[in-house]
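Protein chains in written order, with this note's numbering: chain A, 7 to 338; chain B, 7 to 338; chain C, 3 to 336; chain D, 3 to 336.
Hints may contain errors.
Keeping only pairs whose Cα atoms sit at most 30 Å apart, straight-line, the calculated DSSO-like set for lysine-lysine is [claimed, not checked]:
1) C:K232 / C:K171
2) C:K232 / A:K46
3) A:K46 / D:K171
If you're looking for bench data, these hints aren't it; they were derived computationally from the structure. Note that the structure is a prediction, hence the values are computed from the model and not measured.
This is what each chain is made of:
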Amino acid sequence: MTRELTLSKAVNEAIAEEMRRDPTVFVIGEDVAEAGTPFKVLAGLVDEFGTERVIDTPISEPGFTGLAVGAAMTGSRPIVDLMFGDFLFLVMDQLCNQAAKIHYMSGGTMTVPMVLRTNLGATRRSAAQHSQSLHALVAHIPGLKVAMPSSAYEAKGLLKTAIRDDNPVVIFEDKLMYQDKAPVPEEEYLIPFGQANVLREGRDITLVATSSMVQVCSKAAETLAAEGISAEVIDPRTIVPLDEATIVASVRKTSRALVVDEGHQSYGVTAEIAARIAERAFYHLDAPVGRIGAMDVPVPFSPALEDLTVPTPDAVADRARALCKGGWADAA
Amino acid sequence: MTRELTLSKAVNEAIAEEMRRDPTVFVIGEDVAEAGTPFKVLAGLVDEFGTERVIDTPISEPGFTGLAVGAAMTGSRPIVDLMFGDFLFLVMDQLCNQAAKIHYMSGGTMTVPMVLRTNLGATRRSAAQHSQSLHALVAHIPGLKVAMPSSAYEAKGLLKTAIRDDNPVVIFEDKLMYQDKAPVPEEEYLIPFGQANVLREGRDITLVATSSMVQVCSKAAETLAAEGISAEVIDPRTIVPLDEATIVASVRKTSRALVVDEGHQSYGVTAEIAARIAERAFYHLDAPVGRIGAMDVPVPFSPALEDLTVPTPDAVADRARALCKGGWADAA
Amino acid sequence: MARATAKTNTEDYIRMYTQMVRIRAFEDNANQLYLAAKMPGLTHMYSGQEAVAVGICEALEDDDRITSTHRGHGHCVAKGAEFKQMFCELLGKAEGYCRGKGGSMHIADTSHGNLGANAIVGGSMGIATGAALSAKLQKTGRIAVCFFGDGATAQGLWYEVMNMAALWKLPVIYACENNGYSEYTRTDEIAAGSITARAEAFGIESFEVDGQDVLAVNELARGLVERCRKGEGPFFVNLATYRYHGHHVGDINRDYYRSKDEESEWKQHRDPITNFGKWLEAQNIASAEELVGINDAVRREAEAAVAHAEAAAYPDVSEVDMHVHAGIPHALSA
Amino acid sequence: MARATAKTNTEDYIRMYTQMVRIRAFEDNANQLYLAAKMPGLTHMYSGQEAVAVGICEALEDDDRITSTHRGHGHCVAKGAEFKQMFCELLGKAEGYCRGKGGSMHIADTSHGNLGANAIVGGSMGIATGAALSAKLQKTGRIAVCFFGDGATAQGLWYEVMNMAALWKLPVIYACENNGYSEYTRTDEIAAGSITARAEAFGIESFEVDGQDVLAVNELARGLVERCRKGEGPFFVNLATYRYHGHHVGDINRDYYRSKDEESEWKQHRDPITNFGKWLEAQNIASAEELVGINDAVRREAEAAVAHAEAAAYPDVSEVDMHVHAGIPHALSA
Ligand SMILES: Cc1ncc(C[n+]2csc(CCOP(=O)(O)OP(=O)(O)O)c2C)c(N)n1
Ligand SMILES: Cc1ncc(C[n+]2csc(CCOP(=O)(O)OP(=O)(O)O)c2C)c(N)n1
Ligand SMILES: [Mg+2]
Ligand SMILES: [Mg+2]
């Protein structure tokens, strides 16, 4: 049985199901209980699980992330709610110096099974400190896993997997998609990490897209299809671990690739994926690997500017078209 | 007139000269005054400039970095001493949410002319929390500049430029090179940002190397030369801004490239540089762009393991050889 | 004390009253713009807390520095900003104080020493303290005031910077606008012990004051500002106040965390503007008509500024990559 | 009090004495290994502070949790670790507690509840508090002790976690080993006000105790541990102590920040082992010969462990990418 659920509700269900299944799972963060977070994603959880397992904290992101690390090391499975992805900068020490390294530093004697749920995405007119997509930073740190759901279905399945994983997992929800609906089965399901999803098969070009960019690329693929360009769309689902095999196999087939991600372009996720494709599909490429990230500027408040900074379906289609038609030569 | 100076002394001179020139420059950090830092890099500065301008702080990295941001916004030019690069995780909010964005968010009405001096580099047996090379993280954040000196000469010239820059600059010194000597002119000089240094010209392959990896690649180039492989070695000097033009021009000439950096390989600096080369020199490449970063593992303490995690001259030479001789085909 | 010297300070009192009215008017208009879907994004109303910003900023010189918060319009007005550039900023227009790049949560006005609102709770505590350090090092004689909310006292950064401010006797005043709430939670549920005692534990002289009484706030602030300039800082002030609206403009149904009774109690009996107006009348400093005259003038000023801002131009698309780096006109072509 | 009950606790006393001697012996050997260039990296000696670790850990159950610091060998020994695995870890050998991956600054011994040393000053404050939260949520009855230095109180994290510990009455004891120095700086030059008052400001019951007096420490700790288990925590304890060596083993010329006189004053008159030994003799709990016997046995144990560790094997190179992720045998082939 499948119903349509919003991404917000899918996340809520994933947490509720896992909390029912496993009494060591708890939620911790700011205004997660009665308020159910500003996005209302957690609405109602406190009614079922009480304030002992849905814990409102002071405005102390490093502090409660640190508590989660310690709790995870000692028999609990905390889910940290970090209200905005931009606040990652506040918790980097606890996440990257502590959580990410403890299993390794202890020679495997300790584990840190925690989930840090946060979000990404611009164009909400929230300006430079509430609009960032910072997943590249945590993807660079060994010991973390990084999941990037692209729909309600993905969000539920990936989050459940994250909660059961014995490692620290950072999961980025697209805050602009919280109200977007998608079919979600009533039956339980998990989505394994490290297995990309081929959303659409194609022959001419591979579009690799994360999170918010999956919809953008799917739209672009439709536009392109109408023009006779057949694009394959791949969602890696997790960027750590990354399903390089599926991506590379696709590009060897299509011989062209464009990587699209909402993080800043420079030193971001598109670079890693493009570099791997360019290396491993070198023989097969008919055009350079294209990439489109967010503009390398802080996110501006003004709507007149903000919309320019993120990849759009038109920009993706334009670039894909150029790559397919040889217009890429200007790149050289 | 040129003498030999250690990198440590070159840094010390750069700061002393700029403090003499500009009374608004000051140094702030832990044990920077009488102790002159644990690495003794700042030894003697307090004698000349006093504790008002060489300021010992409590162990409060976020706090004193925040103070530096505020001081920089109001007429001072602080140089923050961050004892280990690993502590960047503690100051990310002040550096990336505040310092990096203030000029932009204020529409250009405020500037943050501060320098954050820190370090990188493993193999000191300092384990996972004192050995990281985290420059990729700050390179991803628009608004910062990122300098990576590769010798005493570079360290002095780049640091002086950093201190005079009106933007927040993060400069990474290789802590293993503090006692390494190089010729440094007595006369004043600056090294402009965004202009790569071609250390060695070559025909067969371009080695792009940052910081600690410049020596590694130079050694590899010598080995290769003895075998008849002519390698060009390029040090970008600053990774933001990045002198893409010089790098791309070199690869178009040599038709092969290997990018080497001591940060973790995945989602790191090698990815960005490799992706740009693969795109802009696509037509000219005779082999895929290779890259070698540090292993994607937390840095282990044991000497038996730690040495395996960083790129070595042998590893670079092996890979370059393979790229030149077509052995790269196994990559596919 | 302040009351005793009342008659001699007519001009000051009228300016304080006017500034409080200006903040209220600014917020009422901003709220309307938001409800009419003319304002993009997210905004937090300062209404109810006017006596804090005005009482303190009226004790400062124009070139003293302040840092502000996500609830920052009040500080901006109180420190001397113009309505036009403020509304332009809120609407993302090129004439805004930050050319539309900052918006409500990052509005800054360097022409009057406002180093900016901050969307990271507690995020400006280092900046304010650093401005004080700069003032001390460069011997400018300036002081810095760091405004923040009760909820922000949970951020570790505050303790780090208080320690340094106390050690180095920096000319900074930490002003905690204690409105009782952090978003949708009563702050006493998330703050253990005593906030004032926390500052005192660092050896910082601390004060608690009624944040609805602009004269009390101003008198305390004037004394502390003077002492700060003499090198006797830092200080901490805990100001009891109240926000009239929801946490942000969209926070309408808030019964689950805050009662209507409580809200109307504050609005009816503790409104800083009403009460100060009554006092001005009782002291014969201003007549009821004069106050109405002020209110009307402010209302007209605000309406004109809104109209101006609505008609004003957005920044040109070419501005998107300007101001990334000082000294580089356009980042992406650099 | 403790002294009154002395005769009935002979076993406890002898164990406390032995554990302090074991820590001292461990450090003396570690120091020698370092000076002989046999130990890689960087290490910080616990010598002088033994009464703190032992006094507190002897009040704990084996499955209670502690978190430790960069100066962590003492905590590790006191919580029950074996010399062999410890020396192996310090030398980066595969038999070490962390298979050589952690080293001195990250040594952890989960078999006795030691959640690990930490090379980030203050870095384990969240972990300890989280372990207490876990204990409370899972109703295990365990408590957690967070060891840290006086210098670490400058980290904002401490204030954040104290606030939560106090609000939620978590079973955690914050034990500040106040040895007067942070690296090469007197802590009173970088700590304003009162460290104890800072904890008290969060409503946390706080204590100051002579950290050189193992009985005083142990008595206080036993009381607080019991109260923690009853849900009366958290607590803060400020323990006055002293480190005998430099900040780290290479910190030899330290006259510029600490006088030789001060060092010898502590070593001669306030040594926790000597003084406790004298007391044991005075109380007829142990004779001088018995104490010498203990010392000798410990010395032999340490030497044997060092010899074992020196001969032990390094981890196989294939271990380099093990333990990056739990459940993935080798990260790089994943
Ligand atoms: C670091 C950080 N955490 C959380 C938030 C979300 N947030 C915005 S305002 C706020 C409450 C702040 O409360 P307080 O400091 O009392 O200020 P008030 O809103 O009452 O004026 C929160 C949690 C944020 N913006 N920054
Ligand atoms: C976050 C961080 N900042 C700085 C350091 C460098 N450092 C190591 S130990 C130390 C001093 C710690 O002093 P204290 O907490 O009193 O402990 P003690 O060394 O006296 O035992 C410093 C500054 C560090 N390891 N971590
Ligand atoms: Mg508040
Ligand atoms: Mg100390």
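Q.
Run through the hints listed earlier and report the numbers of any the structure violates, in increasing order.
A. 2
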